Amino acid sequence: MTAVTAEDRGPAPPIPAGKEDGPASTRTVVAYGFWIFLLSDIIMFSGLFAAYAVLWQHTAGGPGGPELFDLRNVFIETACLLLSSYTCGLGALSAEHRRIGRFFVFEAMTFVLGAAFLFIEISEFAGMVAKGAGPSHSAFLSAFFTLVGTHGAHVTSGLLWLIYLLAQVAAKGLRPAVMRRLLCFSLFWHALDIIWVGVFTIVYLIGAGR
Amino acid sequence: MTDSSDIRERTPGVEAAESRANILSYTVGFFFAVVLTVMSFVVAQTDLLWAPGIAVGLVVLAFAQIGVHLVFFLHMGSGPDNTNNIIALTYGVWIVFLVLAGSGWIMFNLSANMM
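Sequences listed follow chains Z and X, in order.
For the first sequence, our numbering begins at 262 and goes up steadily by one.
For the second sequence, our numbering begins at 215 and goes up steadily by one.
Take the hints with a grain of salt, since some may be wrong.
What the hints assert, rightly or not - Which stretches of chain X does chain Z cover? Using the computed rule of at least three CB atoms under 8 Å from a CB of chain Z, they are: (1) 244–255; (2) 271–283; (3) 306–313; (4) 317–328.
As the list claims (entries may be wrong) - Computed from the model, here is a short list of chain X residues facing chain Z with C-beta under 8 Å: (5) T260; (6) I268; (7) A302.
Derived by calculation from the structure, the hints in this document are not laboratory data.
As the structure is a prediction and not an experimental result, all values here were calculated from the model.
Virtual Cβ for every residue (Gly too), placed ideally from N, Cα, C.
Working from the sequences, and respecting the hints, build out all of it.
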């Protein structure tokens, strides 16, 4: 049956370049789906950025950015997150090269740097609340805590996800399904760094502007 | 049938990813990101730029850094299986632009009229 139809059709038409793989690999499909999620997350952040941009001068007579922000802390936070993005990429690369020892070292560094970021951010928040500049003080502070806090919540869930992922690699090894989850985690972590670029530029550097 | 499921589990993306993502690409991206970050902090705290232009300069630097992250860390723009990712990214950028520019336009007009 198949042989006859093949003869009837004559020689098969040439396959267009780049299409010879047939259906996309599971890895490509998973990465695409996760990328759609990340974009929707970024669109949600754009709403919080818009709220902050509209409200940042509405300090209700309370403290504003220049009084509250310590750019030295923000620089350390930025360095932690950027370095953790780098080690996360190196970890993913080690996993692809099946060097599991290196993978654990780089991902542990990613975790420590992410935790350091979170620690600095939480102490910054605690210091502001102690000064009486909590989220309920003014529209500016509500927008600030919502935007930066949502990013911090993402970092927290990323750290929990990383622990879960490392346990999975330890238990199951670098099998294809685990590798796909690692790919999704890397995408998530790099996307958080992209959002942080927006946060430190718009909220801290422009907000602390003279 | 087993062949097709093998193809789907063989993950040809692994080879493609290895060929385009390597330590050099991450290191170059990290270097550019560090340079852009340091420039942002320097520009914000010194008189290197004309004062009213500082905000614009910072936004330009941020866009450059986001581009570096997308290309070197998220590997946008390389490989034939990336077309859909780029289309989705373009759409996402458009929606982000609408949300930011639209909110700003409406709310700044509103507060100007309420004065």
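Structure-based check of each hint:
Note: the stretch 244–255 of chain X has 6 residues with beta-carbon separation from chain Z under 8 Å; the three-residue rule is met and the coverage holds. Look at the stretch 271–283 of chain X against chain Z: 7 of its residues bring a Cβ nearer than 8 Å to a Cβ of that chain, three or more, so the hint holds. Counting residues of the stretch 306–313 of chain X whose C-beta sits closer than 8 Å to any C-beta of chain Z gives 4, which meets the bar of three, so the coverage hint holds. With 4 residues carrying a beta carbon less than 8 Å from a beta carbon of chain Z, the stretch 317–328 of chain X meets the three-residue requirement, and the given coverage holds.
For the restraint placing T260(X) at the interface with chain Z, the shortest Cβ-Cβ distance is roughly 10 Å, beyond the 8 Å limit, so the hint is violated. The restraint placing I268(X) at the interface with chain Z holds, with a minimum CB-CB distance near 6 Å, inside the 8 Å limit. Because the beta carbon of A302(X) sits about 6 Å from the nearest beta carbon in chain Z, less than 8 Å, this interface hint is met.
Hint compliance for this structure: hint 5 alone is broken.
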